[in-house]
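Student: Guided by the hints, dock chain B onto chain A, whose structure is given.
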Amino acid sequence: MTNPADSRPIDVHAVLEDPDFRELVRSKNRISFWLSAATMLTFYGFVLLLAWNSDFLAQKWSGSINRGIPLGIGVIIVSWILTGVYVRWANTRYDALVERVKAKIRSAQ
Amino acid sequence: MNTASTIIGQRNNLAIAFFFIFVFVTLCITYWAAKKTKTSSEFYAADRSISGFQNGLALAGDFMSAASFLGIAGYVATGGYDGLIYSVGYLVGWPIVMFLIAEPLRNLGKYTFADVVAYRLHVRPIRTAAAVSSIVTVLLYLIAQMVGAGGLIKLMFGLSYASALFIVGALMILYVLFGGMLATTWVQIIKAVLLLGGATLLVVLILSRFHWNYGELFDAASARYGEAFTRPTVSAKVATSPLDLLSLAIGLMFGTAGLPHILMRFYTVPDAKQARKSVFVATGFIGYFYILTFTIGFGAAVLVGKELISSVGKGGNMAAMLLAERLGGGPLLGFLAAVAFATILAVVAGLTLAGASAISHDLYAGVIKRGQTNEADEVRVAKTATVVLGVLAILLGLLFEKQNVAFLVGLAFAVAASANFPALVLSVFWRKLSTAGAVASIVTGLVVAVVLILLSPTVWRDIFGQQDAIFPWLNPTLISMPCAFAAGIIVSTLKPDAEAEAKFESQKLRTYLGVGAE
Chain A
2 MTNPADSRPI
12 DVHAVLEDPD
22 FRELVRSKNR
32 ISFWLSAATM
42 LTFYGFVLLL
52 AWNSDFLAQK
62 WSGSINRGIP
72 LGIGVIIVSW
82 ILTGVYVRWA
92 NTRYDALVER
102 VKAKIRSAQ
Chain B
830 MNTASTIIGQ
840 RNNLAIAFFF
850 IFVFVTLCIT
860 YWAAKKTKTS
870 SEFYAADRSI
880 SGFQNGLALA
890 GDFMSAASFL
900 GIAGYVATGG
910 YDGLIYSVGY
920 LVGWPIVMFL
930 IAEPLRNLGK
940 YTFADVVAYR
950 LHVRPIRTAA
960 AVSSIVTVLL
970 YLIAQMVGAG
980 GLIKLMFGLS
990 YASALFIVGA
1000 LMILYVLFGG
1010 MLATTWVQII
1020 KAVLLLGGAT
1030 LLVVLILSRF
1040 HWNYGELFDA
1050 ASARYGEAFT
1060 RPTVSAKVAT
1070 SPLDLLSLAI
1080 GLMFGTAGLP
1090 HILMRFYTVP
1100 DAKQARKSVF
1110 VATGFIGYFY
1120 ILTFTIGFGA
1130 AVLVGKELIS
1140 SVGKGGNMAA
1150 MLLAERLGGG
1160 PLLGFLAAVA
1170 FATILAVVAG
1180 LTLAGASAIS
1190 HDLYAGVIKR
1200 GQTNEADEVR
1210 VAKTATVVLG
1220 VLAILLGLLF
1230 EKQNVAFLVG
1240 LAFAVAASAN
1250 FPALVLSVFW
1260 RKLSTAGAVA
1270 SIVTGLVVAV
1280 VLILLSPTVW
1290 RDIFGQQDAI
1300 FPWLNPTLIS
1310 MPCAFAAGII
1320 VSTLKPDAEA
1330 EAKFESQKLR
1340 TYLGVGAE
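Protein sequences appear in the order of chains A and B.
Numbering-wise (this note's numbering), the first sequence opens with residue 2 and increments by one.
Numbering-wise (this note's numbering), the second sequence opens with residue 830 and increments by one.
In isolation and in its complexed conformation, chain A is listed as follows:
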């Protein structure tokens, strides 16, 4: 949009009313919300277990490794996987929607 050839201003309201743009905003906010909720659930679930029910975490898992160790490391790995889920979604779905809306803006100018 910084291309000097596109000197006509963007019709902001037309874009905001565009069903593709609305879908894009809705899906982005939805996935951000649910993935944040999943991260918090995983982490605070672990923290609350540690705070109020450490007996559960102290149970043996394998040999002298108790449940607290794989679960703690698991929180780290799950967090990373969730960021991967987001990147995958954004690279395939989101970027395609962004391109579609941008193409509409260009053709309207």
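Source of the hints: derived by calculation from the structure; they are not laboratory data.
Please note that a few of the clues may not be correct.
Derived DSS-like pairs (lysine-lysine); straight-line CA-CA distance at most 30 Å [what the hints assert, rightly or not]:
1. Lys-1066/B - Lys-1231/B
2. Lys-61/A - Lys-1135/B
3. Lys-1261/B - Lys-105/A
4. Lys-939/B - Lys-105/A
5. Lys-1332/B - Lys-105/A
6. Lys-61/A - Lys-1066/B
These figures come from a predicted structure and were not determined experimentally.
Tutor: Just chain B now, with coordinates in the frame of chain A:
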């Protein structure tokens, strides 16, 4: 297996040689970067030329401090499971950065996170408030790093505390002053690779002693120190109650998403797509690193022994170094000591650059000159601010030498989570945020977090020497962050800003599409 001696504290020529190689390479990079660091976009943001993968490594470099490497390993080695809460807590903020912050920040801002908050609000009050909270966060973090650095270098290189601070301060000023963001980024990348490599090597050597079986390491730890050592518990030095632990967890998670030197890194990549890739890369490396530090802690407890670890460094800080000496002798110790030094340098350089940007871009260009300044002046102020902050860091390091500053990192995270994060999120997602509301949110978060820490056992009891702390928890964020959100929402409702609400629509175009992003 236990020999109660160490060469730590004596001069290690190999450490000095490794360190000189690091300094030589990074100064060459700074010389190269200096030729490409003229405009403000080059100084603050490496001209947006860093790739997503490179920025991911640099983010990891900015975030993996010597304090967390040595600190977590020490916590685990002396306290057992305790340290894992930090390993996990330092990582879980990154998904939040990814889902809520990284792309809007990249699309809406230019050089600092205040750009985003000020996007549709009145520039001067917002930039003043955001710059103050950025500078406070940076200084708290900087003091903690400098004091830690002085002590560590004194112990590992046999230098005096003051000359250690002077070397760190002088090198950090050189990197930032001449090489700007480009040199700082490459220092971070090199340091990240060295630190990840060093930590991996340590874990490989640990596992080689236990038949490549993670379980045997824990068998040995339980056999030596009893079940209680590996049992998941939280000691009183981490949190005084379950709610306090929750408060710590919230502070670590949302503090990460409000640290100015981390947020600033998202402006070094060309677009939102690369910003998102860099968070994925950073999260992977940082998660891997914290799993390693946790393992190193247990390895040190078993192979070195708690007794020796506690006798050498405060809070078990030398656990990883003692383990390196045990597993690889003087050479490995020398290498890791140099890596720790490089780590400190890289982190303080990133902090100084973030602080200098808040002063020159937000306060000077935004507030004093009302946006009417030229490139040359802004860069000149940024460079002056770099030198001033560097000198200030050395002086504060000297002033706080005898203080226990470990709590300052926690306070920096609490301020970032309370003063910076709520304002940032509200400005991106909430249409009705007004100028007065945003300022109220930043000020409330900052004041409540700082006051509660002053009244907490860490300061009121342990530093001021009072009998009982007025605020019972060690961690304020569970109170201060909701206060900041509440202040933002209530004040915005009482003092609405129709103009800002109207601009939210066009802001949305830029937030979601990147239309008009710089």
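Student: When the structure is checked against the list of hints, which entries are broken? Sort them ascending.
Tutor: none
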